[in-house]
Amino acid sequence: LGFKIKMIPRRKKLVVKSHISDKQFKTQKDKLVSQAKKIASPSKGKTELEEIRLYNSMVLGMQNYYQIATNVNLDCMKLNRAVMAIFTNRLGASKKGRLRKTGRQLTTKEATRYGKSKMLRYVAGEGEPIFPVGYIQHRKPMAKVYSANCYTPEGRKFIHTNLSVDKLLMYQLMKLSLENRTIEYADNRISLFSAQHGKCAITLEEFQQANEIHCHHIVPTRAGGNDDYKNLILVKEAVHRLIHAKTEETIQKYIALLKLNKVQLIRLNKYRVLAGNQELNLI
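Note that full-length UniProt numbering has the sequence shown beginning at 1, numbered continuously upward.
What the hints contain is simulated information worked out from the structure, not anything from laboratory work.
If you're wondering where the values come from, they're calculated on a predicted model, not measured in any experiment.
Incorrect hints may have been included.
Derived lysine-lysine pairs resembling DSBU-like cross-links, with alpha carbons at most 30 Å apart [what the hints assert, rightly or not]:
(1) K109 - K31
(2) K246 - K270
(3) K175 - K230
(4) K116 - K140
(5) K13 - K140
(6) K31 - K167
(7) K6 - K78
(8) K13 - K46
(9) K262 - K199
(10) K38 - K140
(11) K118 - K101
(12) K23 - K140
(13) K109 - K175
(14) K95 - K29
(15) K31 - K13
(16) K29 - K12
(17) K37 - K95
(18) K23 - K38
(19) K96 - K38
(20) K29 - K6
(21) K13 - K29
(22) K96 - K4
(23) K101 - K167
(24) K4 - K167
(25) K26 - K12
(26) K140 - K78
(27) K109 - K140
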């Protein structure tokens, strides 16, 4: 699982002291250092902004998984020193360098998580933040929820609610690469999957594969829309294409593929209009 655990005596009992395992520590360090180098010298076909966002997603993923280790902050501070050495040497921390302490305004989620950190840095020009891998605190693992049981109506309802979402599909969705998207977008996409019970917002059919799940901006970004939770819905790929379709050929193709009923078409038309397209009619 990537942890090393040791029992140590404390008063009259034993307590757990845990770290990131040596093997995983080296793996994470190599990945972060490698990605830090790519920010200074982007890979062919990628922009600096894309490399920064990929690095940030790696930091978030690692922190979310290993935060249950009691001494994760000590391990992550070592990682932070390693990557900051790369950033300082390759981007420069002086006044003439590109590593700055100020940049674009943080989103709500970014500010909540990293806004108070003195380790937060930005890349000049892009203004994009580089998430501090060392800014993390231990978080206790979730204990058993005793309200979940088979003997009371409330307990059965709790179990049923938790079973209503495909956990494996949610995990696959979390693992999908989102190099050109904000962290807020990625977080809200997972929240929507749970809120929509793993179903398409238009057809109400369950998603079968992670790659068919598309996140639609209700108000398009070109019209001032953002990545807020209330401005996003999850739909199937074919539905998403039909929302934005303009040519008659494309429209007829996806209408024939989806076979929408009247109720589903009403939902679809609502989002087509908000996207700046005309309503569709069933023939």
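The hints, checked one at a time:
no., hint, in the structure
1, K109 - K31, "24 Å, holds"
2, K246 - K270, "15 Å, holds"
3, K175 - K230, "23 Å, holds"
4, K116 - K140, "21 Å, holds"
5, K13 - K140, "19 Å, holds"
6, K31 - K167, "27 Å, holds"
7, K6 - K78, "20 Å, holds"
8, K13 - K46, "54 Å, violated"
9, K262 - K199, "18 Å, holds"
10, K38 - K140, "34 Å, violated"
11, K118 - K101, "9 Å, holds"
12, K23 - K140, "23 Å, holds"
13, K109 - K175, "19 Å, holds"
14, K95 - K29, "28 Å, holds"
15, K31 - K13, "38 Å, violated"
16, K29 - K12, "37 Å, violated"
17, K37 - K95, "21 Å, holds"
18, K23 - K38, "23 Å, holds"
19, K96 - K38, "20 Å, holds"
20, K29 - K6, "22 Å, holds"
21, K13 - K29, "34 Å, violated"
22, K96 - K4, "42 Å, violated"
23, K101 - K167, "39 Å, violated"
24, K4 - K167, "26 Å, holds"
25, K26 - K12, "35 Å, violated"
26, K140 - K78, "22 Å, holds"
27, K109 - K140, "21 Å, holds"
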